[in-house]
Amino acid sequence: MREPRPATPPRWADRFLKWYCNPDLLEEIQGDIHELFYARASDSSLGRARRSFIWDVIRFFRWSNIKRSKTQKYSSNNIAMLNNYFKVAMRNLMKNRIPSFINIFGLSLAIGCAIVIFIFADYQLHMDSFHKDKANIYQLLNAVHDDKNKDIWGLSPVPLGPAIKDEFPDVSNTVRVFYSSAVVKKEDKVFSERISFVDKEYLEVFDFNLIYGGRKALYDNKQIVLSKNIAQKYFGETDPVGSVLTLKVDTAASEEFIIGAVAETFPLNASFGFDILLPYVKLETLGLRDPTDWNGFGRATFVQFKPGSVPDDIFDGLEKFRLIQNEANEKWPIKRFEFIPLDEISLRSFEIFGSASTGSHPAGRMALGVIAIFLLAMACFNYVNIAVVSATTRLKEIALRKVIGGQRKQIIRQFLVENILICFFALAVGTLMAYYLFLPGFNASIPITIPFEFSSFSVAVGFFGGLLLLIGLISGAYPAFYISSFKPSSIFRGKEKLGRKSLFSKVLLTFQFFLAIQTIIGAFIFTENGIHFRNKDWGYNQEQVITILAEDKDHFEAMKQKITYNANIASFSESHDHIGLGSSLTTIEIENQRKQIRHLKVGFDYEKTLGLRMKDGRWFERDVQSDKSETVVINQTFAESMGWDNPLDQSFVLDSIRRYVVGIVEDFHYDDFYANIDPVVLSISAEKDLKYLIVRSKAGQTIATADFLKVSWQEVAPDTPYIGVFQDEVFKGFHDEMQTNIELMIFISIFGLTLACIGLFGLVSFNITKRLKEFGIRKVLGASLINITKLINRDFVWILLVASLLGAPFAYVMMNQLISTIYAYSGPITPWPFAIALAAMLLTVVLTVSSQIWKVASENPTNILRNE
Amino acid sequence: MKGTYLGEFEELVLLTVGALYPDAYGVQVKQEIENQTGRKVNISAIHSALRRLEEKRFVSSEMGGATKERGGRRKRIFILTMPGKKALDEAMSVRMQLYKQIPDVAFNFSI
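First to last, the protein sequences are chains A and B.
Numbered according to my numbering, the first sequence terminates at residue 870, and the numbering increases by one at each position without gaps.
Numbered according to my numbering, the second sequence terminates at residue 227, and the numbering increases by one at each position without gaps.
Hints are computed from structural coordinates only; laboratory data are not their basis.
Note that this is a predicted model, so its numbers are computed, not measured.
Heads up, the beta-carbon is just placed ideally off N, CA and C, and yes, glycines get one too.
Be aware that one or more of the hints could be misleading.
Selected chain B positions facing chain A (in silico; Cβ < 10 Å) [stated by the list, open to error]:
| no. | residue |
| --- | --- |
| 1 | A161 |
| 2 | E185 |
| 3 | R189 |
Bound-form chain A, shown alone (with noise of 0.2 Å):
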């Protein structure tokens, strides 16, 4: 018989035994595949019997079995200390509840509003997201004036945009927006929408999702596409694609239209979107705008690069085309040519003219923000002071942690761990705060819903993580450092004090003022500013008047008809241009240098209506035939900027004709208060222009007017919504968003006040709880209440004072600087939100400590000193 060639077990299996085997176990483990190796490799073949092993040691890679010996020992004993750490810091919030509570509690307010804010910014910073192609979708923006600042005109030529695609390879698609109104009909609703005209790509290069049809729909000039809302206003629930809807655009004629397409309910971060879309080659049919006219603007111009391409490949060759467009239109020449991001266009929307899209100022998110920072900071300020005092009583625990042979990097461990799982409480008390109470309040008070969500899933890891770390370590970090640093033979032998007469919390306690009173001070002046602007001089009387826009000719007749007879209307004018809801800008030549300027046409009776002021000289006669065309009002403004000794003497040309100013009105507000006061110019309109009717009611008849007008205008004109505005409500958006500005400063500052007396709050407890024995001993030596309150508030009334030097003027001086950069006319600053803030914080301080104090009046000092 053959002896059977030398079996052995696979040897790479046999190592792994050995690699991941507890060795208490290995022997009988390994002596026990073996011994079955060598049975079945005898029974059976050597191949089964080595797949048997090796199947017999992946059996046995079970936790059980598997060697946690080594690392275990070193870890475990660090584990174990993290549990001792996590041990002792629970028991120390049970044992000083009060203080721990105050401590979570106002970091959990600071964090629910810094992450609301955080969302808030998030959201704005990424509107247009969903837009796939965002990267390489640009808005053309043409610099109008040579101020850089100031005129980026959003509205561009309109043959620029087919220009360019045809010009540029690199260029996939343009795509061109033209904002306007129409009448819809449809049987017998009547309703003005607006409506865009757009390239028929537009639906290709921006995604938003259709529910019916498809996104050639525009390709066909028949057809076009409404927003789910339209949809629904004019078709309920059914799908309409193919249905026909009337739409009259401007004075052309009606028109019957085919619905191609329905875009979903547009996402809620969408800047900008769309009511009904039609085909921009209806423009030039329905006679708005000429397709080769350089003259003439468009709202907006997208361009669509290829993958890869940037705006600066075509920059140079864009030249040829602003000299075409600057001869065209000598009025309004285009200096430069700029591109901006798709998802920037919101952001800068606000210094676009003409935008294409909405988005606020930037000042009130940077204000936002600097108040997250504020807020962050006093909570983490709190907790560093209370943190430090409350160490007072751990310095024994600290010591013994030495003596026992604790090194100083656990001790600061020891700390920062029991700092982050405070911190971890507070998040999440935060966020459910935030969840709950601070995003609904903050979006009931906007004009717009923001969900509670993150632009990614990173982004929010990043944030929550990023603010645990950082709170827990910036919190704790002088704490952990501080304490860690004493010798234990001093703390034993009583040497080591600290807390009470701390510089250090001291300073932390007024820079925690200081920042109070600086958001207090600063909720009152804009408050101030608030109502200053509602009370502002328009520079008109602005109550009891309407305006109603009527194109049409014969409607204009016919109301001006009803108007004449109406006993309750005090006056009346037209106007083709009308303060709130229209100006244009013009070039005029003025000493043989051009100048822009803004000019209103309006009708004879526009003073008297509107109540303006003359300052200087006359207002147009109707007896006077020159006033027709020859003369012009100008305000107060031009009359002070061209440094006129007489301006009633004075002429400049005005669409080619010399004008002689036969008046100087008082300025008066044709524009928000966001708004500078520009050189404005009027003159009387041409008749066939009219068509504002602007009426002042008698006193007290102004809503019988309203109704007076609206119904005679449904007699008028059927078939034409009514378009009726109150004068006092055409700045109604700029005074909502005062409001809502007034609102949220007014709770910050609350906030703000209430976090600093959390803080307040808490060390004074803590400097009361050490001192009893003083106090209880003062008391049994005689000393009073009023000493007593004296002896403790005398701390604190200094950190206020200090920090009320100290931020009284710095608010003064960064509040005078945020209004001013954000509204062009501001009101004084008194000195009133000094005085109410300062009442404020002394009253909010004294209750505090008061409250505090009443612990020692009240109780008895033999329970005090017996307590030994």
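With chain A held as given, fit chain B onto it using these hints.
Just chain B, lined up with the frame of chain A:
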């Protein structure tokens, strides 16, 4: 602790350990079970069961002699303990009791 409940497989292993006295160790138990029941059992399952039984104090163990097939490695020899015996008795008596309670009619399969 899971308590001292005896699982089906554990009971089988425990019985085998008793039956193989004084030679019960991993491979032996495995082979005995395979011979007696015809079940294929993996050695690692035997080890786990034995360790659990030891935790429950139903078996005790010590390291035994080395043999050549094992490459000079010692075996862990398992011995049935008093509590182990008791647990087996209990399990057995519970079964018998229940078995006796089955009415005869239940055995009448020819329906």
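Do the hints match the structure? See the list:
| no. | hint | in the structure |
| --- | --- | --- |
| 1 | A161 | holds (8 Å) |
| 2 | E185 | holds (5 Å) |
| 3 | R189 | holds (3 Å) |
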